[in-house]
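Generate the whole structure from the sequences, applying the supplied hints.
Residues 155 to 480 (my numbering) make up the sequence shown, in order.
Think of the hints as simulated: they come from the structure by calculation, not from any bench. These numbers were taken from a predicted model, which means no experiment stands behind them.
Ranges of calculated distance between the beta carbons of each label pair, as one might list FRET restraints:
id, residue 1, residue 2, range
1, R391, D308, 52 to 60 Å
2, W399, T332, 50 to 58 Å
3, V407, R356, 27 to 35 Å
4, G256, S336, 20 to 28 Å
5, P235, H174, 53 to 61 Å
6, P350, D428, 26 to 34 Å
7, H434, P410, 21 to 29 Å
8, Q284, R391, 57 to 65 Å
9, H434, T337, 57 to 65 Å
10, L257, H434, 57 to 65 Å
11, R356, D319, 21 to 29 Å
12, L282, H174, 50 to 58 Å
Glycine residues also receive a C-beta, built at the ideal position from the N, C-alpha and C atoms.
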Amino acid sequence: MKALGRSYVWWPKMDADIEHKVNVCGTCQASRPDPPQAPVHHWERTRTPWSRLHVDFAGPFQGQVFFIVVDSFSKWLEVVPVSSMTSSTVIRCLRRLFATHGLPDIIVSDNAAQFVSDEFRQFLAGGLIQQVTSAPFHPATNGQAERMVRTTKDSLKRIIQGDWDRRLTSFLLQQHVTPCTSTGRSPAELLFNRRPKTLLDRLHPDRMRDDQGQTVCTEGEPRPARSFAFGDAVYVRNYAPGPRWVPGSVAEVVGPLSYRVDSPDGQELRRHVDQMRRRHVDSELAEQPQASNSARPKDSRIDTDQTGSRSSSRHVRRPAYLNDFI
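Here is the structure:
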């Protein structure tokens with residue numbers, strides 16, 4: 155515009171006058187491009203799990219609407235299929251989550267009608283939960299929920315087998331056990347301090363046993379495990395009518411804690427070591443023959459004449475001083 159004006163006329167401060175005229179023109183200002191975006195303002199980092207939640211709705215997506223909840227600390231994601239996007243629906247979904255995880259400190263949402271209604275605000279006030287809303291039509295303020303909405307849609311598009319429930323649970327399990335790039339740990343580990351088992355863990359039982367062996371017992375030193383050997387005399391727990399404990403002997407060591415025991419009536423019992431007690435037997439009674447109760451003659455003296463001399467016996471002589479008294 156200034157170049158065009160100078161081609162026909164000129165006056166002092168011509169450029170300044172043209173710039174001022176354009177700057178105060180309402181039509182010119184309304185048609186200007188958008189201002190440059192401000193630098194990203196990061197949310198304050200939360201220090202505890204389930205402290206600040208970001209919520210939003212996703213959909214309609216393939217005929218289904220989802221309520222999205224993400225924990226800012228652990229990145230734990232909850233996706234709930236819903237039939238409507240009302241304040242009552244939001245309250246019902248949050249109550250179910252609060253029953254499992256407890257109440258958060260802050261809930262971040264956009265300015266949709268279901269999040270700014272009196273019903274929803276009274277619900278949050280009843281739990282002493284602070285509500286933070288983003289600027290209208292500025293979804294980047296609630297960026298965590300918006301990213302999870304996009305992630306949920308992209309993932310569900312790739313899972314084509316099964317109904318909605320199966321597709322959704324498969325996606326959530328994968329999200330809960332996948333380590334986050336910013337923390338290096340999975341959402342489940344940060345929220346529950348444990349890693350849920352998946353099918354991949356089932357395919358590596360040796361690794362599972364190694365992990366269990368490395369677990370430190372915090373309830374004191376464990377008691378040494380009892381064990382029995384073949385032929386040991388034991389008492390075993392009786393679950394049939396009769397005595398609570400019946401005697402028996404170990405017939406087979408089935409496993410580290412499992413045994414087969416022969417009972418006096420000839421039955422073979424399978425028992426755990428916790429169902430067995432050691433039976434103490436008198437050694438003298440154990441060495442007696444089975445026929446010890448048979449009848450014996452009254453005179454049990456042994457005739458010395460019929461008894462043969464033993465090779466270890468010696469000849470007994472009368473002492474010499476006794477010969478003087480004969």
